[in-house]
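Could you put the whole structure together from the sequences, leaning on the hints where they help?
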Amino acid sequence: MSSALAFRGVAMEFPGVKALDDVSFEVRAGSIHALMGENGAGKSTLLKILSGAQRATAGGIEIAGRPAPAAGTAGALAAGIAVIYQELHLVPEMSVAENLFLGHLPQRAGFVRRAELQAAARRQLERVGEAIDPAARLGGLPLAQRQMVEIAKALTRGARIIAFDEPTSSLSDREVQRLFAIVRELRDQGCAILYVSHRMDEIFALCDRITILRDGRHVVTSALADLDRAAVIRHMVGRTLADIYNYAPRPFRGPGLKVRDLAGPGLAEPCSFAAAAGEILGCFGLVGAGRSELLRLIFGATPRTGGSVAIAGKEVAIASPRDAIAAGLVLCPEDRKKEGIVPVRSVLENLNLSARRRRARAGFVAESWERRNAAERIAQLRIRTPSPAQQIRHLSGGNQQKVVLGRWLAEPVRVLLCDEPTRGIDVGAKSEIYAILQDLARSGVCVVVVSSELPEVLGLSDRIAVMREGRIAAIVPRADATEESLLRLALPAPAAVAG
Amino acid sequence: MSPSAPASPPARRFADFLDRAGMLVVLVLLFAACSLGVENFLSWRNLQGLALAVSMTGMVASTMLFCLAAGDFDLSVGAVVAAAGVVAAVVMNQTGSIAAGVAAALGFGTAVGLVNGWVVARLQINALIATLATMQIVRGFAYIVSDGKAVGIAPEGFFALGNSAFLGLPVPVWITLACFALGGLILNRTVFGRDTLAVGGNPEAAHLAGISVARVKLLIFTAQGAMAAFAGVVLASRMTSGQPGTSLGFELEVISACVLGGVSLTGGVGSMSYVVAGVLIMGIVQNAMNLKNIEPFWQYVARGGILLGAVLFDRWKRRR
Numbered sequence: 002m003s004s005a006l007a008f009r010g011v012a013m014e015f016p017g018v019k020a021l022d023d024v025s026f027e028v029r030a031g032s033i034h035a036l037m038g039e040n041g042a043g044k045s046t047l048l049k050i051l052s053g054a055q056r057a058t059a060g061g062i063e064i065a066g067r068p069a070p071a072a073g074t075a076g077a078l079a080a081g082i083a084v085i086y087q088e089l090h091l092v093p094e095m096s097v098a099e100n101l102f103l104g105h106l107p108q109r110a111g112f113v114r115r116a117e118l119q120a121a122a123r124r125q126l127e128r129v130g131e132a133i134d135p136a137a138r139l140g141g142l143p144l145a146q147r148q149m150v151e152i153a154k155a156l157t158r159g160a161r162i163i164a165f166d167e168p169t170s171s172l173s174d175r176e177v178q179r180l181f182a183i184v185r186e187l188r189d190q191g192c193a194i195l196y197v198s199h200r201m202d203e204i205f206a207l208c209d210r211i212t213i214l215r216d217g218r219h220v221v222t223s224a225l226a227d228l229d230r231a232a233v234i235r236h237m238v239g240r241t242l243a244d245i246y247n248y249a250p251r252p253f254r255g256p257g258l259k260v261r262d263l264a265g266p267g268l269a270e271p272c273s274f275a276a277a278a279g280e281i282l283g284c285f286g287l288v289g290a291g292r293s294e295l296l297r298l299i300f301g302a303t304p305r306t307g308g309s310v311a312i313a314g315k316e317v318a319i320a321s322p323r324d325a326i327a328a329g330l331v332l333c334p335e336d337r338k339k340e341g342i343v344p345v346r347s348v349l350e351n352l353n354l355s356a357r358r359r360r361a362r363a364g365f366v367a368e369s370w371e372r373r374n375a376a377e378r379i380a381q382l383r384i385r386t387p388s389p390a391q392q393i394r395h396l397s398g399g400n401q402q403k404v405v406l407g408r409w410l411a412e413p414v415r416v417l418l419c420d421e422p423t424r425g426i427d428v429g430a431k432s433e434i435y436a437i438l439q440d441l442a443r444s445g446v447c448v449v450v451v452s453s454e455l456p457e458v459l460g461l462s463d464r465i466a467v468m469r470e471g472r473i474a475a476i477v478p479r480a481d482a483t484e485e486s487l488l489r490l491a492l493p494a495p496a497a498v499a500g
Numbered sequence: 002m003s004p005s006a007p008a009s010p011p012a013r014r015f016a017d018f019l020d021r022a023g024m025l026v027v028l029v030l031l032f033a034a035c036s037l038g039v040e041n042f043l044s045w046r047n048l049q050g051l052a053l054a055v056s057m058t059g060m061v062a063s064t065m066l067f068c069l070a071a072g073d074f075d076l077s078v079g080a081v082v083a084a085a086g087v088v089a090a091v092v093m094n095q096t097g098s099i100a101a102g103v104a105a106a107l108g109f110g111t112a113v114g115l116v117n118g119w120v121v122a123r124l125q126i127n128a129l130i131a132t133l134a135t136m137q138i139v140r141g142f143a144y145i146v147s148d149g150k151a152v153g154i155a156p157e158g159f160f161a162l163g164n165s166a167f168l169g170l171p172v173p174v175w176i177t178l179a180c181f182a183l184g185g186l187i188l189n190r191t192v193f194g195r196d197t198l199a200v201g202g203n204p205e206a207a208h209l210a211g212i213s214v215a216r217v218k219l220l221i222f223t224a225q226g227a228m229a230a231f232a233g234v235v236l237a238s239r240m241t242s243g244q245p246g247t248s249l250g251f252e253l254e255v256i257s258a259c260v261l262g263g264v265s266l267t268g269g270v271g272s273m274s275y276v277v278a279g280v281l282i283m284g285i286v287q288n289a290m291n292l293k294n295i296e297p298f299w300q301y302v303a304r305g306g307i308l309l310g311a312v313l314f315d316r317w318k319r320r321r
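Chains as they are written, first to last, in the numbering used here: chain A, 2 to 500; chain B, 2 to 321.
Everything labelled a hint here was simulated from the structure, so no lab data went into it. The C-beta atom is built at its ideal place from N, Cα and C for all residues, glycine as well. Incorrect hints may have been included.
[Claimed, not checked] Pairwise CB distance ranges, derived in the manner of DEER restraints: (1) A:G267 to B:T267: 25 to 31 Å; (2) A:R489 to B:L266: 38 to 44 Å; (3) B:R216 to A:R175: 43 to 49 Å.
[Said to hold, decoys possible] One side only, chain A facing chain B, incomplete, derived with CB under 8 Å: (4) L332; (5) R346; (6) V366.
In structure tokens, the structure reads:
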């Protein structure tokens with residue numbers, strides 16, 4: 002097997018941070034190569050360099066043994082490199098076919114040749130085995146299909162080196178299997194695949210080889226068969242993690258959150274459930290089961306059409322997030338970038354976004370308190386940032402997530418709603434976040450955690466609410482819950498599967 | 002847009018300095034160049050005139066900063082300046098009361114601001130379009146009320162507001178300085194100011210953090226309307242009349258000054274000292290061109306050129 006892609010001494014320095022330091026490894030043609038590492042280990046930076054979006058400060062990339070031209074993203078595309086990001090780079094208002102050939106539409110004298118476009122689009126979609134109408138508006142497709150369109154788009158460019166960045170973070174299990182089949186087929190056609198994921202199961206199910214980065218340095222590249230999970234984790238974190246959940250039973254302390262007949266967009270029927278103070282209630286379901294919608298309705302982020310919410314046994318009127326926060330009910334939203342952080346503002350600003358209201362005097366910000374609060378949260382949550390004044394967009398995903406969580410720790414929180422709190426972050430940061438959630442529960446906070454990852458839900462929760470098609474299908478105690486039982490509850494009725 | 006590679010230490014230090022000082026450096030250099038190269042520039046009389054010339058832009062820029070920082074625009078300010086002057090003139094002439102005229106003008110501007118804010122914040126109409134509409138409505142209103150002609154103001158006591166001086170500086174200049182100071186204080190030190198930047202930086206995250214996005218925007222547009230009306234009153238006092246056709250293109254002048262001062266048009270970024278620099282740079286260039294007897298037509302070209310240059314400079318700074 003030949004080396005299709007090689008990183009040679011790649012280094013990347015940002016002011017104050019060495020994101021990558023002398024990273025060298027090879028990716029073979031016809032192989033699926035996992036790239037793993039903790040938060041801020043340098044995976045995203047490496048992908049950005051690969052895609053031409055950033056230029057390494059030292060070292061470079063070789064494609065099939067020849068140095069790649071440093072000509073930005075267009076150059077990378079021309080060299081047969083495609084990077085498929087978590088946030089898809091597609092235009093929702095255009096058709097599937099137009100998206101596939103964005104930038105190189107078949108044309109004659111400037112006019113698009115529509116028939117040819119449709120036919121070519123259909124051929125490409127068949128290659129990824131998707132029955133998608135090329136004329137459909139892209140924005141109307143489910144996320145999984147949009148991802149397939151992105152893959153098909155990479156193929157229309159004749160990509161031979163394809164990198165995936167956390168491609169399964171918002172896919173259901175069934176969709177994941179489809180994706181895997183396509184990735185394997187691409188490998189069999191001789192493509193070199195670089196696969197970035199935090200999900201150990203996926204890596205071991207899919208990949209042939211693995212490279213692990215830690216703190217911007219190359220730790221190991223090897224055949225995956227030569228490593229077991231413990232070894233991978235050890236390489237990633239530089240320490241052994243016996244049990245990343247650290248679950249220990251906690252005493253419940255009376256009523257925490259009680260939701261009665263809550264109704265609104267995204268829910269098929271009124272939802273009712275209760276969770277105790279000191280309890281961690283997991284909430285599992287497939288994408289689109291209504292979990293995020295339920296949380297947003299409780300939090301007042303989406304106006305509800307009926308029902309009531311009680312905190313610590315007292316009914317509270319919640320018409321907006323502001324009311325909810327005043328009542329001690331807070332939410333860490335699902336989509337960090339879109340709903341969680343204010344990217345252009347500092348870590349300090351982001352940490353004080355809400356709590357400053359309570360500390361302000363006559364509308365004036367309590368600056369020394371805010372500095373102290375930020376310093377405390379940064380230390381408490383071990384947020385890795387050069388300074389509190391750093392713009393939060395320069396932090397890694399896990400550290401951004403800690404800021405979003407840390408925002409609430411200066412508030413008198415009684416109920417904490419977390420929507421996918423560990424999505425797209427590494428094992429080390431995950432276990433830190435689990436520890437924080439357990440500590441909060443131990444101190445009497447009622448915690449509700451929505452997650453698509455079964456091991457996480459099982460490892461963390463006292464009870465698990467399973468949602469299916471906009472309703473709560475069941476609430477299962479920890480002792481009775483297994484991956485199989487939860488999945489069975491979460492899957493739609495067989496008739497719906499066939500359709 | 003991550004920062005890219007650091008340069009060698011001395012170059013790096015200079016670059017960091019530019020990063021922090023940016024337009025302030027440009028302002029100092031420009032001022033020095035004009036002092037040396039333009040005759041009469043440095044005279045006290047000219048500097049007074051320069052300050053007076055930028056005072057209106059400055060006043061309105063102090064609230065426009067909030068508007069832009071929250072991720073919005075307000076195109077109606079020029080029309081409000083004109084209409085407020087007309088309203089003040091008409092009411093003063095009919096009631097004979099200066100206070101009534103000023104109050105009516107301010108009330109009018111506040112009402113326009115409220116409408117802008119309500120349409121943008123509550124109905125969630127794009128601010129560009131909403132204020133483009135009110136701009137034309139308000140301008141039309143100014144012409145209708147005045148019958149298209151300048152309305153001379155009878156009570157002469159009113160002219161003191163725009164034409165007298167205090168401690169050697171014209172009163173409008175003092176007012177502008179107060180607006181800058183107050184605006185800077187509100188932006189940096191109050192919850193409202195910080196909320197404004199958060200709303201501009203990411204409205205959804207701000208909403209989920211318990212910030213009332215609609216209320217913040219409503220307040221900003223209302224303050225902006227009131228401020229534009231106040232500037233209109235000051236202008237009417239200086240001109241001793243309410244003129245419906247005045248301040249055409251004023252809104253773009255104000256927004257240009259803010260952008261020159263590094264305020265991001267996508268929201269979330271902005272500071273008062275830079276806006277002050279932006280306003281002064283625009284003013285100095287215009288003043289120098291006047292002193293050099295350059296045709297007024299060229300001033301448009303120069304203003305546009307400076308704005309383009311500033312945006313490119315900002316881009317270069319971020320790319321570095």
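Now for the hints, and whether the structure bears them out:
no.	hint	in the structure
1	A:G267 to B:T267: 25 to 31 Å	holds, 30 Å
2	A:R489 to B:L266: 38 to 44 Å	violated, 52 Å
3	B:R216 to A:R175: 43 to 49 Å	holds, 44 Å
4	L332	holds, 6 Å
5	R346	holds, 5 Å
6	V366	holds, 6 Å
Violated hint for the displayed structure: number 2, the only one.
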